[in-house]
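Turn these sequences into a full structure, and let the hints steer you where they fit.
When the count follows this note's numbering, it moves up by one through the sequence shown with no breaks and lands on 580 for the last residue.
Treat the hints as calculated values from the structure; they're not laboratory data.
A virtual CB, placed ideally from N, CA and C, is assigned to each residue, including glycine.
Just to be clear, a hint being listed does not mean it is correct.
[As the list claims (entries may be wrong)] With a straight-line Cα cutoff of 30 Å, these simulated DSBU-like cross-link-like pairs (lysine-lysine) come out:
1. K557 to K493
2. K199 to K231
3. K343 to K378
4. K306 to K199
5. K522 to K493
6. K328 to K205
7. K231 to K307
8. K570 to K475
9. K557 to K205
10. K379 to K307
11. K523 to K557
12. K231 to K205
13. K343 to K379
[Stated by the list, open to error] Using C-beta positions, here's what the derived DEER-type ranges look like:
14. E197 to N371: 26 to 36 Å
15. Q408 to S480: 41 to 51 Å
16. G277 to I434: 19 to 29 Å
17. K306 to Q191: 28 to 38 Å
18. K328 to K306: 25 to 35 Å
19. E197 to S409: 25 to 35 Å
20. N266 to Q191: 34 to 44 Å
21. S480 to V416: 44 to 54 Å
22. S409 to P248: 36 to 46 Å
23. L50 to Q191: 43 to 53 Å
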Amino acid sequence: MTITDLFTRIRFPKNADNDERIRAIINTLALVTATLAFTLGIALHYFTRLDIILYPALMEALLFSTVPFINRQAGRGAAMKALFFLHAAAVIYFGLILGPHSHIHTFAIFLVGYAMLSFQRKSSRIMMALLLTTVFIFMEANNSYGWITPLPIAANAQTPLRWMVIFCAWLLNGLLLFYFIREIIIVTAEQQALVGELKVANQFKSLFLRQNNHELRNALNIINSVTQTYKAAYDNASGKPAPILVEPEELNAVYFAAQDAVEIINNTLSWSQIEQGIELPASHASFHLEQWVHQLMDTNTPHIRKKGVRLRLTIASDVPVYIVSDRKMLTRIFTNLLGNAIKFTAIRSIIDIDIRRNGDQLNVCITDQGNGISEEMKKRIFDPYVTHPAQATESTGLGLPIALHLTQSLGGQITVTDNPQGSGTTFRLTLPLIAGEAVRETAADKAFPFGFNDMSVVVIDDDEMNQRAAAHHLKRMGISQIALAGSASAGEKMIQRLLPDLILLDMEMPGTDGLTLLQRLKKDRNTRHIPVLICSGVLPDDPRHEQYSGTAGFLLKPLDYKMLQSTIGKIRYSTRGIAS
Numbered sequence: 001m002t003i004t005d006l007f008t009r010i011r012f013p014k015n016a017d018n019d020e021r022i023r024a025i026i027n028t029l030a031l032v033t034a035t036l037a038f039t040l041g042i043a044l045h046y047f048t049r050l051d052i053i054l055y056p057a058l059m060e061a062l063l064f065s066t067v068p069f070i071n072r073q074a075g076r077g078a079a080m081k082a083l084f085f086l087h088a089a090a091v092i093y094f095g096l097i098l099g100p101h102s103h104i105h106t107f108a109i110f111l112v113g114y115a116m117l118s119f120q121r122k123s124s125r126i127m128m129a130l131l132l133t134t135v136f137i138f139m140e141a142n143n144s145y146g147w148i149t150p151l152p153i154a155a156n157a158q159t160p161l162r163w164m165v166i167f168c169a170w171l172l173n174g175l176l177l178f179y180f181i182r183e184i185i186i187v188t189a190e191q192q193a194l195v196g197e198l199k200v201a202n203q204f205k206s207l208f209l210r211q212n213n214h215e216l217r218n219a220l221n222i223i224n225s226v227t228q229t230y231k232a233a234y235d236n237a238s239g240k241p242a243p244i245l246v247e248p249e250e251l252n253a254v255y256f257a258a259q260d261a262v263e264i265i266n267n268t269l270s271w272s273q274i275e276q277g278i279e280l281p282a283s284h285a286s287f288h289l290e291q292w293v294h295q296l297m298d299t300n301t302p303h304i305r306k307k308g309v310r311l312r313l314t315i316a317s318d319v320p321v322y323i324v325s326d327r328k329m330l331t332r333i334f335t336n337l338l339g340n341a342i343k344f345t346a347i348r349s350i351i352d353i354d355i356r357r358n359g360d361q362l363n364v365c366i367t368d369q370g371n372g373i374s375e376e377m378k379k380r381i382f383d384p385y386v387t388h389p390a391q392a393t394e395s396t397g398l399g400l401p402i403a404l405h406l407t408q409s410l411g412g413q414i415t416v417t418d419n420p421q422g423s424g425t426t427f428r429l430t431l432p433l434i435a436g437e438a439v440r441e442t443a444a445d446k447a448f449p450f451g452f453n454d455m456s457v458v459v460i461d462d463d464e465m466n467q468r469a470a471a472h473h474l475k476r477m478g479i480s481q482i483a484l485a486g487s488a489s490a491g492e493k494m495i496q497r498l499l500p501d502l503i504l505l506d507m508e509m510p511g512t513d514g515l516t517l518l519q520r521l522k523k524d525r526n527t528r529h530i531p532v533l534i535c536s537g538v539l540p541d542d543p544r545h546e547q548y549s550g551t552a553g554f555l556l557k558p559l560d561y562k563m564l565q566s567t568i569g570k571i572r573y574s575t576r577g578i579a580s
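This is the structure:
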């Protein structure tokens, strides 16, 4: 056993923090001192036959015994002070009545060390050190000038007295030194653990950047290759450039590559929110289960065709046609699980999607025909960026940990098993099953009955490309009255002049930011009625916070046309009322 092992075997509460350790030290020192005061008082009384030593010593032992009670009832601070002042009082009393024979100066190191160990604030330590210095100077001065006459101690009692005092002082000093070394070892271990955590965090950051860059580069490479081809054809056209005809396959390649890039960015933002502990409430609604699954399968068509993979959907007959859940969260979960299966399945294989009912639960099994997952990997498959040994260039990314987190938010779970039919892996999604009803189409859903032609919109964004993208979507919707502003101040003047029907507002801009402008608009009675739609590259930490009250919604950049159209349609419907 090493010296370090000896000191680390001291009994502290399990997983004790610094506060609990100090409490344990105070209690131990108090009880040890109480025991010493009791035994030393009786021993000194035996040698001196002086009651003026015995009864104060017994009282001292009793008072020290109350410190653990004070520690529990009044807190650590009160117990620290009680222990300190009891020691100081004992030093003063016995130092005065015993005189030079007390060798009271041997307790100086203990009291100073105790003050340094127990009191955390620098001012408290300085105050205690000054107090102790004053006490010991007074005691030594009294020994020299005899202001207070000590008790007469017989010659045969002086030697036992000296050794008993020295023993007590050395015992307390040794115990204090023990705790000092123990604290140093604990703090060093905590620092080493922190350094280890920082190294892991730094490795994860590097992995995160490397994987994200790799995945984004793949998507951007497709976009860059296709657009370069058509840009060159446009630049080399003789005479007046004619419209460029784009092959459907290449258009789809660019579109889905852009969607992949958006999904990578969305996963990054979602993971950032998860790490910060931001929880957004689920929004439950009824929707058609099979239609929803087919829509998600269609979305992955380009990836499926690229690998020659076929999707096989099975929905048991007892599964309700409509279910109630958060469709947006489920879409993220299903997309990440299916995307992971497509990534790791074998070329020209089949991915089975099996949906069944199990009592009051819905089971969705997605089974691929890849190389499978070892038992060791299954334990950490939901960690970010786990790399499959057989596919060292591919990792799971952030999709699976995000899927697990969202599933747990919905009261469900995801488990991983081997494919029972052969090679590959099955991800089983289990969710509470609530049967829904057919959704009744409202006027707001019927192709936006009011139309958008007569709407006026002000777009406020410091990025010109974002302005153009928003304006392009708005024009596609039939909106022609569009005003663009590159700053909050310019946008505010434009709003005051035009009083538009809708404002698209970026949150992060130099100078006055979007949130400040939003608050100004909501305080102005001329503009407070105008709907404000937040369009930002980063979602706010908590959109429900009162500082965002009055907004018509949040949209994440890059803007999705269908989402923008649907959101503006609902805003239009709510401000115009139901058509007669």
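Could you tell me which of the hints above the structure violates, numbers in ascending order?
-> Those not satisfied are hints 2, 4, 12 and 17.
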